[in-house]
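Now for the letters of each chain:
There are 2 protein chains.
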Amino acid sequence: MNSESRIAVLCDELTTTWYEQIPLSKAMAVELVSFENDVLTVAAELEPNINLHGTGFAGSLYAINALCGWSMVHLQLKLRELEGSIVLADGRISYSRPARERIVAVCDFGEQVGALDTLAETGKARFTLTSTIASGGKPAATFEGDYAVLRPRDN
Amino acid sequence: MNSESRIAVLCDELTTTWYEQIPLSKAMAVELVSFENDVLTVAAELEPNINLHGTGFAGSLYAINALCGWSMVHLQLKLRELEGSIVLADGRISYSRPARERIVAVCDFGEQVGALDTLAETGKARFTLTSTIASGGKPAATFEGDYAVLRPRDN
Numbered sequence: 043m044n045s046e047s048r049i050a051v052l053c054d055e056l057t058t059t060w061y062e063q064i065p066l067s068k069a070m071a072v073e074l075v076s077f078e079n080d081v082l083t084v085a086a087e088l089e090p091n092i093n094l095h096g097t098g099f100a101g102s103l104y105a106i107n108a109l110c111g112w113s114m115v116h117l118q119l120k121l122r123e124l125e126g127s128i129v130l131a132d133g134r135i136s137y138s139r140p141a142r143e144r145i146v147a148v149c150d151f152g153e154q155v156g157a158l159d160t161l162a163e164t165g166k167a168r169f170t171l172t173s174t175i176a177s178g179g180k181p182a183a184t185f186e187g188d189y190a191v192l193r194p195r196d197n
Numbered sequence: 043m044n045s046e047s048r049i050a051v052l053c054d055e056l057t058t059t060w061y062e063q064i065p066l067s068k069a070m071a072v073e074l075v076s077f078e079n080d081v082l083t084v085a086a087e088l089e090p091n092i093n094l095h096g097t098g099f100a101g102s103l104y105a106i107n108a109l110c111g112w113s114m115v116h117l118q119l120k121l122r123e124l125e126g127s128i129v130l131a132d133g134r135i136s137y138s139r140p141a142r143e144r145i146v147a148v149c150d151f152g153e154q155v156g157a158l159d160t161l162a163e164t165g166k167a168r169f170t171l172t173s174t175i176a177s178g179g180k181p182a183a184t185f186e187g188d189y190a191v192l193r194p195r196d197n
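Residue numbers (this note's numbering), protein chains in the order written: chain D, 43 to 197; chain Y, 43 to 197.
Among the clues, some could well be false.
No distinction is drawn between identical chains; accordingly, a pair holds when it is met within one copy or between any pair of copies.
Below, in silico cross-link-like pairs of lysine to any residue (SDA-like), each with a Cα-Cα straight-line distance of 20 Å or less [what the hints assert, rightly or not]:
id, residue 1, residue 2
1, Lys166, Asp188
2, Lys180, Arg139
3, Lys120, Ala190
4, Lys120, Leu94
5, Lys180, Asp132
6, Lys68, His95
7, Lys120, Thr160
8, Lys120, Ser136
9, Lys68, Ile92
10, Lys166, Arg142
11, Lys120, Pro90
12, Lys120, His95
13, Lys68, Glu89
14, Lys68, Glu87
15, Lys120, Asp150
16, Lys120, Gly152
17, Lys68, Pro90
18, Lys166, Val148
19, Lys166, Pro140
20, Lys180, Val129
21, Lys166, Ser138
22, Lys180, Arg195
23, Lys180, Cys53
24, Lys166, Arg139
25, Lys166, His95
26, Lys180, Ala131
27, Lys180, Arg168
It is worth saying that the hints were derived from the structure and are not from the lab. It should be emphasised that the depicted structure is a prediction, and the values quoted were computed from it without experimental measurement.
Bound-form chain D, shown alone (with noise of 0.2 Å):
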């Protein structure tokens, strides 16, 4: 299987995923927009998420937000067939103006690369992640995330 074939594959497994094992990710309506380049974009319709002034309700906000960077360390561990239980260890988010449109998350991987090798090397690390909802072309809400991955013990 080709590289972008294996990513599709993983992609539409952790779809699965979400809505079979996360409950409110079917609630949000959160679907995997693309993975690209270690860029991950995930999305929701902006209804299920609205707050009472009709805008994105902050609690979606994040939750879009957290599963998008969550999302991102599963598949980077997917790619190199490295397993590990991901857990969000500390959350912080920033909400600089209304989200008024359909909710896009965009998640890069950039500089966490040295991660990877530490859990292969060490078999656990941490991830600090960065997690962008735009509005009008501005940022809404940015979020960062710390993400602990523990590799299971040898039995």
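Given the coordinates of chain D, work out where chain Y should sit on it, guided by the hints.
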């Protein structure tokens, strides 16, 4: 109407607002448990909020805490008959252990009373609130949010 009945009415109205205007609150099945002595408790069953480890999804734990903090500011404004648009500006959360039981978020208004005076005097204020979810008697997800409130202009 005495103070207790007034609070009961405000809590009922708030729950209606959640379900009618924030669809995710319904998807997470958030309930208002109590609002007494400036402490607000909201809760949700684990099932609609699980992740693939079978524990609380990080996004749900954040969203429930953030909604608890927002609701605290909303109730405090209503009690003082102050009008204002409440927006979460920044959120920070630490996940210290998995949430393995019914999710219960507790927010104490604590020392934010001064910000109500600021709002009444200047028309704007910022409230920094903590909301915590415990599991097994220990903190599982500790959230801190900065809520910006802006009183509508007189026309």
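Taking the hints in turn, this is what the structure says about them:
Taking identical chains as interchangeable, the C-alpha atoms of Lys166 and Asp188 lie at most 20 Å apart only when both belong to the same chain, with a minimum of 13 Å there against 33 Å between chains. For the identical chains of this complex, Lys180 and Arg139 are intra-copy neighbours only, at 8 Å inside a copy versus 35 Å across copies, given an alpha-carbon limit of 20 Å. For the identical chains of this complex, Lys120 and Ala190 are intra-copy neighbours only, at 16 Å inside a copy versus 41 Å across copies, given an alpha-carbon limit of 20 Å. For the identical chains of this complex, Lys120 and Leu94 are inter-copy neighbours only, at 16 Å across copies versus 39 Å inside a copy, given an alpha-carbon limit of 20 Å.
When the C-alpha separation of Lys180 and Asp132 is checked against a cutoff of 20 Å, the pair qualifies only between copies, where the shortest distance is 17 Å, while the shortest distance within a copy is 25 Å. When the C-alpha separation of Lys68 and His95 is checked against a cutoff of 20 Å, the pair qualifies only between copies, where the shortest distance is 17 Å, while the shortest distance within a copy is 23 Å. In this homomeric assembly, Lys120 and Thr160 come within 20 Å of each other (Cα to Cα) only inside a single copy, at 16 Å, whereas the closest approach across copies is 52 Å. Taking CA atoms no more than 20 Å apart as the test, Lys120 paired with Ser136 passes in neither setting, with 30 Å inside one copy and 26 Å between copies.
With identical chains, the CA atoms of Lys68 and Ile92 are at most 20 Å apart both within one copy (15 Å) and between copies (12 Å). Taking the shortest Cα distances, Lys166 and Arg142 never come within 20 Å of each other, neither inside one copy (39 Å) nor across copies (23 Å). Taking identical chains as interchangeable, the C-alpha atoms of Lys120 and Pro90 are never at most 20 Å apart, the minima being 30 Å within one chain and 27 Å between chains. In this assembly of identical chains, Lys120 and His95 lie within 20 Å of each other by CA distance solely across copies; the values are 18 Å between and 39 Å within a copy.
Both within a single protomer and between protomers do Lys68 and Glu89 lie at most 20 Å apart by alpha-carbon distance, with minima of 13 Å and 13 Å respectively. For a Cα distance limit of 20 Å, the shortest separation of Lys68 from Glu87 qualifies both inside one copy, at 12 Å, and across copies, at 17 Å. In the homo-oligomer, the alpha carbons of Lys120 and Asp150 lie at most 20 Å apart inside one protomer (17 Å), although the nearest pairing across protomers, at 42 Å, exceeds that limit. Only within a single protomer do Lys120 and Gly152 lie at most 20 Å apart by alpha-carbon distance; the minimum there is 17 Å, versus 46 Å between protomers.
For the homomeric pair Lys68 and Pro90, the shortest alpha-carbon distances inside one copy (10 Å) and between copies (10 Å) are both at most 20 Å. In this assembly of identical chains, the alpha carbons of Lys166 and Val148 never lie at most 20 Å apart, being 25 Å within a copy and 33 Å across copies at closest. In this homomeric assembly, Lys166 and Pro140 come within 20 Å of each other (Cα to Cα) only across copies, at 18 Å, whereas the closest approach inside a single copy is 37 Å. For the identical chains of this complex, Lys180 and Val129 are inter-copy neighbours only, at 18 Å across copies versus 29 Å inside a copy, given an alpha-carbon limit of 20 Å.
For the homomeric pair Lys166 and Ser138, the shortest alpha-carbon distance between copies (17 Å) is at most 20 Å, but the shortest distance inside one copy (34 Å) is not. Taking CA atoms no more than 20 Å apart as the test, Lys180 paired with Arg195 passes in neither setting, with 44 Å inside one copy and 26 Å between copies. In this assembly of identical chains, the alpha carbons of Lys180 and Cys53 never lie at most 20 Å apart, being 27 Å within a copy and 36 Å across copies at closest. Taking CA atoms no more than 20 Å apart as the test, Lys166 paired with Arg139 passes between copies only; the shortest distance there is 17 Å, against 36 Å inside one copy.
Within a single copy, Lys166 and His95 get their C-alpha atoms only as close as 42 Å, which misses the 20 Å cut-off; across copies the closest is 18 Å, which meets it. Taking CA atoms no more than 20 Å apart as the test, Lys180 paired with Ala131 passes between copies only; the shortest distance there is 16 Å, against 27 Å inside one copy. In this assembly of identical chains, Lys180 and Arg168 lie within 20 Å of each other by CA distance neither inside one copy nor across copies; the values are 29 Å within and 24 Å between.
In summary, the structure is inconsistent with hints 8, 10, 11, 18, 22, 23 and 27 from the numbered list given earlier, while agreeing with the others.
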